[in-house]
Every structure is written in structure tokens, then in C-alpha cells.
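K.L.:
The chain contents come next:
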Amino acid sequence: MNPSHMRHFLLCILIFTHALSFAAKVSIDPSEWGDPLGEECVSCHQKSSSGLAQQWQKSAHAEAGVNCLDCHKASVDDVDAITHEGQVIATIVSPLDCSRCHKVEFEQQKGSVHSEAVSLIENRLPALAGHVGGDAIVAAGCDQCHGSKVTVRGDGSLDPRTWPNSGIGRINPDGSKGSCSSCHGKHRFSKAQAREPSACVRCHSGPDSPDKGIYEASKHGMLYLAHRDEMALDSDSWIAGKDYVAAPTCVTCHMGAAGKLKANHDVGMRNAWSLNTPVSTKQYLVVFEDGEKLELPASETPPKRGSELTKADGSLGKVKAVATPKRRRQAMQLVCLECHSKAFTKSFMDQFDAVVNLFNEKFGIPSTQIMQALYSEGLLTPTPFDEPIEFIYWELWHDEGARARHGASMASANHTWWEGMYLVGRNFYSRFLPQVEQIAGKERADELIQKTIGSSEHHQWMKQPQKTNPILGYERGPESTGKTEYE
Amino acid sequence: MNSKDKPHFISRHVIYALVIGGIAGIVFMLFLIEFDHLTSSEEFCTTCHSMEIAAEVYRQSTHYNPVSGVRASCGDCHVSEGVFAATWDHIKGGKDLLAQISGELFGPDYDDPVINALHLPAAAFEARKWFKSTNSATCKRCHVLEAIQGMRANTNSIHREETQGKSCIDCHINLVHRKVPDEKTFKQARWQKMVEEEFGLAPGSARQLLSQ
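Heads up: the protein sequence lines correspond to chains A and B, in order. Reminder that position 91 of the first sequence reads as 91 in the working numbering, one-by-one numbering, no gaps. Offset between the second sequence (1-based) and the working numbering: plus 487.
In isolation and in its complexed conformation, chain A is listed as follows (with noise of 0.2 Å):
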């Protein structure tokens, strides 16, 4: 298969070979569930927590005769297996127990970024959660939305500082990764719940992801708003493009359905850039022979197909397929494609690529070099948060460089530029900057500064004190009155 072919298979695989519909139908047997045991949970439990019955009740799995032993039974030897009433049951229901029925959105789920929650964390989690937090946090805090390692304790229950949970990289006590009901609310299981951006918005809320204020503040969000009743949100099939067209959500371009576009429950495939690192970078998407998927920035040579390499959880895994960020990206447009002609579609990513490289060359890039070298000259101690520019500069990428570089992704005007762009200027050029030189000393600063953004024609305006203009700042060029405008 020569590289081009290769490509193109390649985008099959990402595009085609998913389930056909957008939940896909479940393929065993009905006699496989309906545990006639589960019928007697049903009788109590309408007495006892009978939100929770009555939730089911009005379910699709009630509909079906899906009941309440068919998720929750568990054999003895299951980790977090209890006693219930005589039954044999688990509390949590895990990704694996749902792939009993829901085998296609278990696998897809696998290995994607929401499933990795927890380990694309860990790492920030000692000092982020442990230093400027505290055990409270990262239970109530951070694991409510990446997800726990749920432990379960000699006495059989499950830990309070690992649950309740359902973060949606949750590592549960049977091993799988990740939790359904993050985006499904049990017990009613409702796809025009899950379809609603607030079944993202959960989590998609902070500083580091801020898209709920994103979507509402875009075009697509103000369409959504005022049509929301032509959404089909109920339908079956749910193809952007046929079954709807009043607006996309966020399931819509980062997961639904759109002509020819399969349905994925890998909710990030689509996304070609990493928005929430210090520096963008393009991403390939790597999938393994087990399912699992890992991404690596597009300046690595991409990896072969049968060879192994590191997954991120540490262990080996035997590369499958590998999608580039152009396909990734092609998938995406698919999907605005949909609504968007060709031009329009390729002039907004150009748009949004070119706010991400603006952050990456004019303030993502020189202030982590400026940050590496205060590190490797020992002007700053190794330990993150001890010293005030450790903040500023993690708020300059984590908080309003997320926010500029997500906003540029949806069409934000505002989240762009006031709630993104202007505040990591704001902070690059009156904080970073000036924290540089209290800490290295004028001249070291200098020179550091120097290197970094001296050549850069970004920060060329510095260097040009005397420059007027008409509103801001004071006039003092050949033309000025030697007012300000407001005398």
C-alpha cells in the first residue's frame, strides 16, 4: 500500500468503520438481561430511594426489561462485590459492566482522552491539588471530573476519599477506565440528556476548559438557545444534517453523527491541536492493537504500524493505525460541512490555527523558555507554586491561554480575544515580564528577554517607546495636540 493509499484507509478506519447508527443498536440477545432476581430490587426500592427507581422507570432500559440486577449484579469475587438484600451486587457500575450490552461505545471509549482523565493529570496532581490544595480538593475537586481510583477497603466498602464518583477517567475497582453515567445521568440513562451541552458543561466550565461560556457566547450556542425544540434531541438517529440542523452542540461536532460521519464515543479524535498545554501542539492519533490510543505531538516521526511503544499508562502497546492531525481535522470538517461550504469551513480553521500559533510564537513558547532557564540557573526552586511567578505563568497558559485558544476553536469572539488573549498579553507584558527581572536581576532579565522575543516581530512595538496613538497612551508624536483625548 503506498503512503497515500495508506492515508486514505487510515481516515476509513477513523471515519467508517464505527457503529452505524449513533448509539449503536445492542446486538444480544434480550434473553441475556431481565434477570427475573432484578425484578425484587424494583418493589423495595420504590419505597426506599424511590427517586432512583422512578428515574428507571422512566428509562429506556425499563422499556426494554432492563433491570436494576442486569448493571449492578456481580459475581463474589469481584473486587467491590457486596451483599444487597441476599443479592450479590456492586455499587459502581463500570464502563465493563455497560459493554455486557454496549460493546461498541466501550470500545470506542477506550483509550481516549476522557477514559485517560486520571493520567493526564497525575503528574500535576502532587502539586497542583497536594501544595495549593489539599486531599479535600482532589476528592470533591479534581477527581469529581477527571475521575478516582476507586479503592475499596478491608471492610468491603468503597473509600469516601475515592467515592462517590464519576469522573469521566474514573479507574474502577474492576480495572476498566472511566464512567458512563459522567455524561449519562443514572438512573434514567436519557440519550437527549446526553446529548444536551450541559451533559459537557459539568466539567467544561473552568478556567483550564472553558467552553460552556464559549458555546453560549458563539453563534452555534445562540442558535441551539433559540431552536432548541428542532433539535430532535429524542430521535433515534441522530445525523447532523438529516435528523437536525438547527444547531450543532458540542456532541455534534466532537462526537455525533454528520452525513456521511460515524457516530464515536472517542470524544477526541476530532481534535488535531492540544489546546491546554503551555505550547500547542498538533497531535497524531495513535491507536493500538487492544483499543487503547495514545496522542504524540506531530513534530515526532509517527510511529510504525506493528511497532510498540509506550502507552500512557506505562505499559507496551502494538500500534495499529495512526491518524495525523490533518485527518483528525478532516474528520472534524466533515462535520461543519454539513451546514458550511468548503471555503468557509477551511478560512475559520485557518482563523483559529493562526490564534493558536499566535499564542505558541508570541507568549506560549518564550515564557516557557524564560521559565526553564530561571529554573536551570537556580533562580527559581524546582518546587511549582512556591513563588509567585510559578502562578503567573500557569494562569498564562492553563487559564487565559486555554481560554484564547478555545475560544478560537468555537468562535468565541469575546472568550478570543478580552476573556483570553488580551489577559495573557496583559499578564505576559505587566507581570511575567516585570516578575523576570525581580527575580534574574535587570541585566540577566534582559538578556533573557533578549533572547527569547528580541528577534520576535510580535514584541517589535517595545521597543518603540515613542510610538502614539490616537486614543490610548499619551500623543506625543509630530501631529499631537500634547492632549489626551479627553481634555
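Derived by calculation from the structure, the hints in this document are not laboratory data. Just so you know, these numbers come straight off a predicted model, no measurement behind them. Don't take every hint at face value.
Result set (DSS-like, lysine-lysine): computed pairs, CA atoms no more than 25 Å apart in a straight line [unchecked claim]: (1) A:Lys-342 to A:Lys-320; (2) A:Lys-149 to A:Lys-25; (3) B:Lys-627 to A:Lys-149; (4) A:Lys-47 to B:Lys-627; (5) A:Lys-73 to B:Lys-653.
Some residues of chain A that are not near chain B, with every Cβ distance over 10 Å (derived) [stated by the list, open to error]: (6) Ser-43; (7) Lys-47; (8) Asp-135; (9) Ser-157; (10) Pro-160; (11) Lys-219; (12) Asn-276; (13) Glu-308; (14) Ala-343; (15) Met-349; (16) Pro-384; (17) Ile-392; (18) Ser-430; (19) Arg-431.
If you anchor each label on the Cβ, the simulated ranges turn out as follows [as the list claims (entries may be wrong)]: (20) B:Glu-684 to A:Ser-31: 42 to 48 Å; (21) A:Phe-391 to B:His-630: 57 to 63 Å; (22) A:Gln-450 to B:Glu-684: 54 to 60 Å; (23) B:Ile-588 to A:Thr-383: 55 to 61 Å.
Where is the CB? At the ideal position from N, CA and C, for every residue including glycine.
With the hints as your guide, set chain B onto chain A.
P.N.:
Only chain B this time, still in chain A's reference frame:
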């Protein structure tokens, strides 16, 4: 009735024997009642240190500090009602006393909190079997099914409608003493690890201690 009609074998000695025997019987029964009463008390049970370990957790429980003010003592739950059944339970319980004494001499020493914790699950499983075998009779001394109201709205109907073929112990375990999983799902290795962590012991040492 005159003495001539008396059967010839009822001599004066026999009458003495009957009277003395009768009194002795009554005294013995009174003794048993008192014995059962005394040996059912918390004070008596906790004269063994190993039982004091069990009692520490009990004193935090609602059975020790109930809103109603009706305190259930050791024997109220663990000793059957009726003098014969109670005595029999105490005779059976004597094996624990033997184990306690022989343990103090030759080991395992149940007064040692580590040993105690390691053996607790086995003791809990035995106790639950006993409750099951008596149909939770001692619970029902105080808890009358028809009178169970509970805090939640439907506690009463749950107990009326969902309890066929079950007795209290089938659903209610871990109310009073240290929590031990049901025997079916109990994981020995995990329990031992928990004890090791709790007492700062080297990994694997619990297993060694248990095999002693």
C-alpha cells in the same frame, strides 16, 4: 388422707428428699436465672479484654446510645430468651472462654488488638449464622415488625411487604460492631492488608500471625 392410705414407699426419708430436692431445684433454677442474668451483662463480658475490644465499637453504636433510651446489652442480643436456652447459649459460649484462657497461655492471644482484628471476621460470620438459625429471635425481643416505623416514609411498608422469608439479620448486619463484609464477598487478603495498615505492620505479617 390418713397415713394408712399412703403408698408404703413414701417414707419420711422420701418426703425429706423430695422437699430438699424441690428446694434445691428451685434454688438451682434461681441460680441459673441469676447466673444467666449476670453473665449476660456488659460488665461480665468485658472482664475479658478481648470482649472489651468488641465493646468499644458497640459503645459508639445506636444500640448503646438509642434515642429511645432503651439500651441493649451484650446478652440482650447474643443470649436467647428463656432460662434453658440462655443456659445452653452460655455453655456453648464457654468455648470462647476456653479459647480466651488457652490463648492467653499458648496463643493466639485474643487480647492483642491485632490478633483480635484478624480473627474478627470469623467471629462475625459465626455470630451471623447464629442469628440466622434463631430467626433473629433476640432482635425481636425489642423490635416488633408491626411497630417498625423508621425515619423514612416507607420504612414501615418495606418491613411489611419486603421481608417474606427473611429475618432481621438477612438485611441488617454491621449495626453494632466493627464492620465486616458478608462472608460471601469477604476478601481475606484485603482484610489482612487493612489490619496491617491500621497497626503499621509489615506486609504479609498478618498472614503469619493468623496462622499461629
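K.L.:
With reference to the structure, classify each hint as holding or not holding.
P.N.:
Do the hints match the structure? See the list:
no.	hint	result
1	A:Lys-342 to A:Lys-320	violated, 31 Å
2	A:Lys-149 to A:Lys-25	violated, 31 Å
3	B:Lys-627 to A:Lys-149	violated, 42 Å
4	A:Lys-47 to B:Lys-627	holds, 23 Å
5	A:Lys-73 to B:Lys-653	holds, 20 Å
6	Ser-43	violated, 6 Å
7	Lys-47	violated, 3 Å
8	Asp-135	holds, 17 Å
9	Ser-157	violated, 7 Å
10	Pro-160	holds, 13 Å
11	Lys-219	holds, 49 Å
12	Asn-276	holds, 36 Å
13	Glu-308	holds, 33 Å
14	Ala-343	holds, 62 Å
15	Met-349	holds, 52 Å
16	Pro-384	holds, 30 Å
17	Ile-392	holds, 41 Å
18	Ser-430	holds, 50 Å
19	Arg-431	holds, 45 Å
20	B:Glu-684 to A:Ser-31: 42 to 48 Å	holds, 45 Å
21	A:Phe-391 to B:His-630: 57 to 63 Å	holds, 59 Å
22	A:Gln-450 to B:Glu-684: 54 to 60 Å	holds, 56 Å
23	B:Ile-588 to A:Thr-383: 55 to 61 Å	holds, 58 Å
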